[in-house]
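> Assemble the complex: chain A is given as a structure, and chain B must be docked to it using the hints.
There are 2 protein chains.
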Amino acid sequence: MKKAVVLLSGGLDSSTCMGIAKNEGYELYALSFDYGQRHGRELESAKKIAAHFGAREHKILKIDLTQIGGSALTDENIEIPENRDTEHMADEIPVTYVPARNTILLSFALAYAEVTDADAIYIGANALDYSGYPDCRPEYYTAFEEVARLGTKRGVEDRPIEIKYPLINMTKAEIIKTGMKLGVPYELTWSCYKGGKKACGVCDSCRLRIKGFREAGYRDPLEYETDIEW
Amino acid sequence: MKKAVVLLSGGLDSSTCMGIAKNEGYELYALSFDYGQRHGRELESAKKIAAHFGAREHKILKIDLTQIGGSALTDENIEIPENRDTEHMADEIPVTYVPARNTILLSFALAYAEVTDADAIYIGANALDYSGYPDCRPEYYTAFEEVARLGTKRGVEDRPIEIKYPLINMTKAEIIKTGMKLGVPYELTWSCYKGGKKACGVCDSCRLRIKGFREAGYRDPLEYETDIEW
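Protein chains in written order, with the numbering used here: chain A, 8 to 237; chain B, 8 to 237.
The following block holds chain A by itself, in its conformation from the complex (with noise of 0.2 Å):
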């Protein structure tokens, strides 16, 4: 049977690519991190995805990136932002963007693929609805697996890890489409900035998240804190 190892924050877009790992016949390594979030709460949702797929083993690495810094995510004094134009968000970098995450979190994705000879990595990453940050474009991630093929064991060996990136030109609308035909349980799944016991409903994550869905035209599942008009 082929192996996935499948980033997995336990968010809307890691959840549906697990989903569609799952579809496409891998057997399924979760990879998910802590490192240094303002909240465990998505870590949470991860396990129960995770569980949900019958994943054979979930790794949850230990990464501290506060020592890096640099990131509202990531470092206390930087405020995360909130009310801003959903339309206009791509347009620059945000400050939520952390330095290099996606390349570190790939490359330990890699080292986990080497370990377990995975055939391939699977990320959520998505170059439409959030953008924004540098490292979710499409050119990035051919580019990394040449990274992959050149660095590892697999590549010399001729069997190169592939890395496959599905939502990448998906709307969120189309990801939570495709999610639901595949039976993902986005009321297990967490989007929010904040780590409450509902969502907040005002972040930019949860606004994208709620306007997804309703463009998508299903009602989410996961219950907000405000009251959201579907």
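These aren't lab readings, by the way, just hints derived from the structure by calculation. Because the structure is a prediction, the values reported are computed rather than measured. Note that the Cβ used here is the ideal one computed from N, Cα and C, for glycine as well. Among the hints, erroneous ones may be present.
Selected chain A positions facing chain B (in silico; Cβ < 7 Å) [what the hints assert, rightly or not]:
| no. | residue |
| --- | --- |
| 1 | I75 |
| 2 | Y119 |
| 3 | V122 |
| 4 | T123 |
| 5 | D142 |
| 6 | Y147 |
| 7 | F151 |
| 8 | E153 |
| 9 | V154 |
| 10 | T159 |
| 11 | P192 |
Subject to a maximum C-alpha distance of 30 Å in a straight line, what follows is the list of computed DSBU-like cross-link-like pairs (lysine-lysine) [what the hints assert, rightly or not]:
| no. | chain 1 | residue 1 | chain 2 | residue 2 |
| --- | --- | --- | --- | --- |
| 12 | A | K54 | A | K10 |
| 13 | B | K69 | A | K69 |
| 14 | B | K204 | B | K55 |
| 15 | A | K69 | B | K201 |
| 16 | A | K55 | B | K69 |
| 17 | A | K66 | B | K66 |
| 18 | B | K188 | B | K9 |
Only chain B this time, still in chain A's reference frame:
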């Protein structure tokens, strides 16, 4: 003043690399890793070398590679080989290979370079003398430079971060000759796989170092447990 992040293990190669970066006029940001090495002796050397070259900052990141495993350097169940034929070491991938290690180290260097707005990253990788590691080939670094260009803020702003690997085609003897000219204090460096007070003189790493000093026509200023003929 242009800035460089220098990956500094405290070994002979990375310490020489730091001397080269200094000589090329960069302000130095040393980056070391506490990654579950079997001993902390190398890190002590890294601190001394960073201080010697007047690094602006020396960051030691704790990343626990034992969580991934798969190498004799991070997994206590795998034996470190001794007395291999130094002429044929390059023919196979050694058990001391840490899966995707250089990719992981470079990705953190990239994050650190973004935060410090550094112009370059120096890595003391070497393709000749102690090879068989897939991530020590020049084309691998070219590929990573492309990842760095496409995956960072600086790349987007058309000020890409350069990946410098000046030792890549040097023999160990050439590295040592270069370092001696630049005044690299080799007595402060550490190459031995073991963590004793003196270097063992027997492990692959010690033997390559000793051979390098002999071929360069110098006596290694480091103390060894065994009597070495120079």
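> Decide, hint by hint, whether the structure agrees.
A quick look at each hint next to the structure:
The restraint placing A:I75 at the interface with chain B holds, with a minimum CB-CB distance near 5 Å, inside the 7 Å limit. Because the beta carbon of A:Y119 sits about 6 Å from the nearest beta carbon in chain B, less than 7 Å, this interface hint is met. Annotation: interface hint on A:V122 holds; nearest CB of chain B at approximately 4 Å, less than 7 Å. With a cut of 7 Å, the hint placing A:T123 at the interface with chain B is violated, because the nearest CB-to-CB distance is about 9 Å.
Here the hint on A:D142 is kept, as its CB sits about 4 Å from the closest CB of chain B, short of 7 Å. Because the beta carbon of A:Y147 sits about 4 Å from the nearest beta carbon in chain B, less than 7 Å, this interface hint is met. Checking A:F151 against chain B by beta carbon gives a least distance of about 5 Å; that is within 7 Å, so the hint holds. The beta carbon of A:E153 comes within 4 Å of a beta carbon in chain B, closer than 7 Å, and the hint placing it at the interface holds.
Satisfaction of the interface hint for A:V154 is found here, the shortest Cβ-Cβ separation to chain B being roughly 5 Å, below the 7 Å cut-off. For A:T159, the suggested interface contact is upheld, since its CB lies about 6 Å from the closest CB of chain B, less than 7 Å. Given hint, A:P192 at the interface with chain B, is violated; its Cβ is 27 Å from that chain's nearest Cβ, farther than 7 Å. The suggested pairing of A:K54 with A:K10 holds, with an alpha-carbon distance near 19 Å, which does not exceed 30 Å.
For the given pair, B:K69 sits about 10 Å from A:K69 by alpha-carbon distance, which is consistent with the 30 Å threshold. Between B:K204 and B:K55, the direct Cα distance comes to roughly 16 Å. Compliance with the 30 Å bound is thereby established for this hinted pair. Between A:K69 and B:K201, the direct Cα distance comes to roughly 26 Å. Compliance with the 30 Å bound is thereby established for this hinted pair. Among the hinted pairs, A:K55 with B:K69 is consistent with the structure: their alpha-carbon atoms are about 28 Å apart, no more than 30 Å.
Among the hinted pairs, A:K66 with B:K66 is consistent with the structure: their alpha-carbon atoms are about 27 Å apart, no more than 30 Å. With a CA separation close to 23 Å, the supplied pair B:K188 and B:K9 stays within the 30 Å bound.
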